[in-house]
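Number of protein chains: 2
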Amino acid sequence: MPIKALLFDVFGTVVDWRTSIAREGEEFGRANDITGIDWMAFADAWRALYQPALEQVRSGKSPWMALDDLHRASLDKLLAERGISGISEPALDHFNRAWHRLDPWPDSVVGLTRLKRKYIIATCSNGNVALMVNLAKYAGLPWDAILGAEPAQQYKPTRVVYEKSVALLRLEPAECVMVAAHNYDLEAAAKCGLQCAFVPRPKEFGPPGRAELTPTGNWQVVAKDLNDLAEQLGRRPDF
Amino acid sequence: MPIKALLFDVFGTVVDWRTSIAREGEEFGRANDITGIDWMAFADAWRALYQPALEQVRSGKSPWMALDDLHRASLDKLLAERGISGISEPALDHFNRAWHRLDPWPDSVVGLTRLKRKYIIATCSNGNVALMVNLAKYAGLPWDAILGAEPAQQYKPTRVVYEKSVALLRLEPAECVMVAAHNYDLEAAAKCGLQCAFVPRPKEFGPPGRAELTPTGNWQVVAKDLNDLAEQLGRRPDF
Chain A
1 MPIKALLFDV
11 FGTVVDWRTS
21 IAREGEEFGR
31 ANDITGIDWM
41 AFADAWRALY
51 QPALEQVRSG
61 KSPWMALDDL
71 HRASLDKLLA
81 ERGISGISEP
91 ALDHFNRAWH
101 RLDPWPDSVV
111 GLTRLKRKYI
121 IATCSNGNVA
131 LMVNLAKYAG
141 LPWDAILGAE
151 PAQQYKPTRV
161 VYEKSVALLR
171 LEPAECVMVA
181 AHNYDLEAAA
191 KCGLQCAFVP
201 RPKEFGPPGR
211 AELTPTGNWQ
221 VVAKDLNDLA
231 EQLGRRPDF
Chain B
1001 MPIKALLFDV
1011 FGTVVDWRTS
1021 IAREGEEFGR
1031 ANDITGIDWM
1041 AFADAWRALY
1051 QPALEQVRSG
1061 KSPWMALDDL
1071 HRASLDKLLA
1081 ERGISGISEP
1091 ALDHFNRAWH
1101 RLDPWPDSVV
1111 GLTRLKRKYI
1121 IATCSNGNVA
1131 LMVNLAKYAG
1141 LPWDAILGAE
1151 PAQQYKPTRV
1161 VYEKSVALLR
1171 LEPAECVMVA
1181 AHNYDLEAAA
1191 KCGLQCAFVP
1201 RPKEFGPPGR
1211 AELTPTGNWQ
1221 VVAKDLNDLA
1231 EQLGRRPDF
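These protein sequences, in sequence, are chains A and B. With the working numbering, letter number 87 in the first sequence gets 87, and the count goes up by one each step, no holes. With the working numbering, letter number 221 in the second sequence gets 1221, and the count goes up by one each step, no holes.
Bear in mind the hints are in silico, worked out from the structure with no lab data behind them. C-beta atoms are modelled at their ideal positions from N, C-alpha and C, and glycine is treated no differently. Wrong hints could be hidden among the right ones.
Here are the computed lysine-lysine pairs in the DSS-like style, where the Cα-Cα straight-line distance is at most 25 Å [claimed, not checked]:
1) A:K164 x B:K1118
2) A:K116 x B:K1203
3) A:K164 x B:K1137
4) B:K1137 x A:K4
5) B:K1191 x B:K1004
6) B:K1116 x A:K116
7) A:K116 x A:K61
8) B:K1004 x A:K137
9) A:K137 x A:K191
10) A:K137 x B:K1116
11) A:K137 x B:K1118
12) B:K1077 x B:K1061
13) B:K1137 x A:K137
14) A:K224 x A:K203
15) A:K224 x A:K116
16) B:K1164 x A:K137
17) A:K118 x B:K1061
18) A:K118 x B:K1116
19) B:K1224 x B:K1118
20) B:K1164 x B:K1203
21) A:K203 x A:K4
22) A:K116 x B:K1061
One-sided and incomplete, this derived list gives chain B residues near chain A with beta-carbon spacing under 8 Å [unchecked claim]:
23) D1068
24) I1120
25) V1129
26) A1130
27) V1133
28) A1136
29) A1145
30) I1146
31) L1168
32) L1169
33) K1224
Chain A extracted, bound-state conformation:
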């Protein structure tokens, strides 16, 4: 069955959240006279609250909440823990929207642009629609559609997120390739019948050794970046 669409994980796979959030943290600190914070560590701490926050929704303990709101709750917690208070609401909101201003990896825009010529390229991210749209405009990501968590009202790796994304395109799962730097995401997509492409991002978490470098499943494609993905798909007659 020929491939019609590529569904992308975004945070880590397409954009470099860690150095971008750290840069935005530096700006937030300067603008609000906050000193003594290691903003790279702050970025890691913010991201460390990501899976626990999603789990509140996945487990049913919390009703659906968009990632922007989960990010904000985590931000408020982290600032309180560090004794930072009295920041204006617009400044907090602007910093929370740092997740809308993440830099793409150097190959992302060119690679996506190449892939878009042949395939539907869509997000299948846990980021909500507004976040994904604003991020695409900031980073120049040429998505054909914003799919993923919010249309499904649930978070990956829950099946319904992949299933709803495929259903909205009115395709068969096997006509879609999930593209991600994280094996757990591909494992879940594969269980729903999607094909899988692993694109490791060695620098996602900073120091060497923290990111996943090796596929843990028999993924249909392993590519070193999105240009390599375009080249490999271009060479395969079955794709």
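Keeping the supplied structure of chain A fixed, place chain B upon it in accordance with the hints.
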């Protein structure tokens, strides 16, 4: 309040469904040895079943059905009425997807590309996501997001379609402009607090006199095409 997003009606406003469907009808007729059909009249008849089909869903008589499925039910009815039978399922499906292969008006791609530099541009159409994505790829429409009926599980001009589109962008209604060639669409959007731009499309229904040429409300903008819309918005400091 500055404008952040433009929401577009698509059929008639951005693409010329009538001559495109007629052209696809000619091809369908040739490929399936169907003679004696006026395909321009067939296009008009297919579109004439559009509002009654939507009304089944709007009224609650039918559960949510995507426009692709409503189009197919109408197509089957029209072919049966004309005594056309024995067509293969792939050929019927291909013709039904003629709505995914509609030509843009000459100004649409350039106008949208200009508007996209400054604003989020999204569909707020009754077309389902797959239809809108495939149409965008066929016609080169550079949408930032596909919104409208399917995410709301309801059809325009029901309020929830406009409200859901605005909510998914996490904007205020007054930060959004509904762009349409049809006054009823703008009237409904205005009731939800959106600003409105009327872009008449005199040739939408063919012969002169059939399309709406005049605004029936105090719309914030009346533009002669999407390039004119880009120029007018560029000149207005309040936008």
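Each hint tested on the structure:
Simply put, K164 (chain A) and K1118 (chain B) have alpha-carbon atoms about 31 Å apart, too far for the 25 Å limit, and the pair is violated. Distance hint between K116 (chain A) and K1203 (chain B) is unfulfilled; the C-alpha atoms sit about 32 Å from each other, more than 25 Å. Between the alpha carbons of K164 (chain A) and K1137 (chain B) the distance comes to roughly 21 Å, so the proposed pair stays at or under 25 Å and holds. With a CA separation close to 12 Å, the supplied pair K1137 (chain B) and K4 (chain A) stays within the 25 Å bound.
Taking the CA atoms of K1191 (chain B) and K1004 (chain B), the gap is about 19 Å. The hint holds against a cut of 25 Å. A C-alpha spacing of about 18 Å is found between K1116 (chain B) and K116 (chain A), which places the hinted pair at or below 25 Å, so the restraint holds. For the suggested pair K116 (chain A) and K61 (chain A), the alpha carbons sit about 38 Å apart, so the restraint of at most 25 Å is broken. Between K1004 (chain B) and K137 (chain A) the alpha-carbon distance is near 12 Å, which keeps this suggested pair within the 25 Å criterion.
For the hint pairing K137 (chain A) with K191 (chain A), the CA-to-CA distance comes to about 32 Å; that exceeds 25 Å, so the pair is violated. Distance check on the hinted pair: K137 (chain A) and K1116 (chain B) sit about 9 Å apart at the alpha-carbon level, within 25 Å; holds. Of the supplied pair hints, the one linking K137 (chain A) and K1118 (chain B) holds, its CA atoms being roughly 10 Å apart against a limit of 25 Å. Taking the CA atoms of K1077 (chain B) and K1061 (chain B), the gap is about 19 Å. The hint holds against a cut of 25 Å.
Distance check on the hinted pair: K1137 (chain B) and K137 (chain A) sit about 19 Å apart at the alpha-carbon level, within 25 Å; holds. A threshold of 25 Å between alpha carbons decides the hint, and for K224 (chain A) with K203 (chain A) the separation of about 12 Å falls inside it, so the pair holds. The straight-line distance between the Cα atoms of K224 (chain A) and K116 (chain A) is roughly 18 Å, inside the 25 Å bound, and the hint therefore holds. Between K1164 (chain B) and K137 (chain A) the alpha-carbon distance is near 21 Å, which keeps this suggested pair within the 25 Å criterion.
Pair hint K118 (chain A) plus K1061 (chain B) does not hold up; C-alpha atoms about 40 Å apart against a cutoff of 25 Å. For the hint linking K118 (chain A) to K1116 (chain B), the alpha-carbon distance of about 23 Å falls within 25 Å, and the restraint holds. At most 25 Å may separate the alpha-carbon atoms for a hinted pair to count; K1224 (chain B) and K1118 (chain B) meet this at roughly 20 Å. Of the supplied pair hints, the one linking K1164 (chain B) and K1203 (chain B) is violated, its CA atoms being roughly 31 Å apart against a limit of 25 Å.
Of the pairs offered as hints, the one joining K203 (chain A) and K4 (chain A) is violated, with about 30 Å between alpha carbons and a cut-off of 25 Å exceeded. With a CA separation close to 39 Å, the supplied pair K116 (chain A) and K1061 (chain B) exceeds the 25 Å bound. The interface hint given for D1068 (chain B) holds, since its Cβ lies 7 Å from the closest Cβ of chain A, which is under the 8 Å cut-off. With its C-beta approaching chain A no nearer than about 6 Å, I1120 (chain B) sits inside the 8 Å limit, and its interface hint holds.
Because the beta carbon of V1129 (chain B) sits about 4 Å from the nearest beta carbon in chain A, less than 8 Å, this interface hint is met. Interface restraint check: A1130 (chain B) against chain A, minimum CB-CB distance 4 Å, threshold 8 Å, status holds. Checking V1133 (chain B) against chain A: minimum C-beta separation of about 5 Å stays under 8 Å; hint holds. Interface hint status for A1136 (chain B): upheld, as the beta-carbon distance to the closest one in chain A is roughly 6 Å, under 8 Å.
At about 5 Å, the closest approach between the beta carbon of A1145 (chain B) and any beta carbon in chain A falls short of 8 Å, and the interface hint on this residue holds. Here the hint on I1146 (chain B) is kept, as its CB sits about 5 Å from the closest CB of chain A, short of 8 Å. The closest approach between the C-beta of L1168 (chain B) and any C-beta of chain A is roughly 4 Å, which is under the 8 Å cut-off, so the hint is satisfied. Interface restraint check for L1169 (chain B): the shortest CB-CB distance to chain A comes to about 5 Å, inside 8 Å, so the restraint holds.
Evaluation of the K1224 (chain B) hint against chain A yields a violated restraint, the C-beta minimum of about 27 Å exceeding 8 Å.
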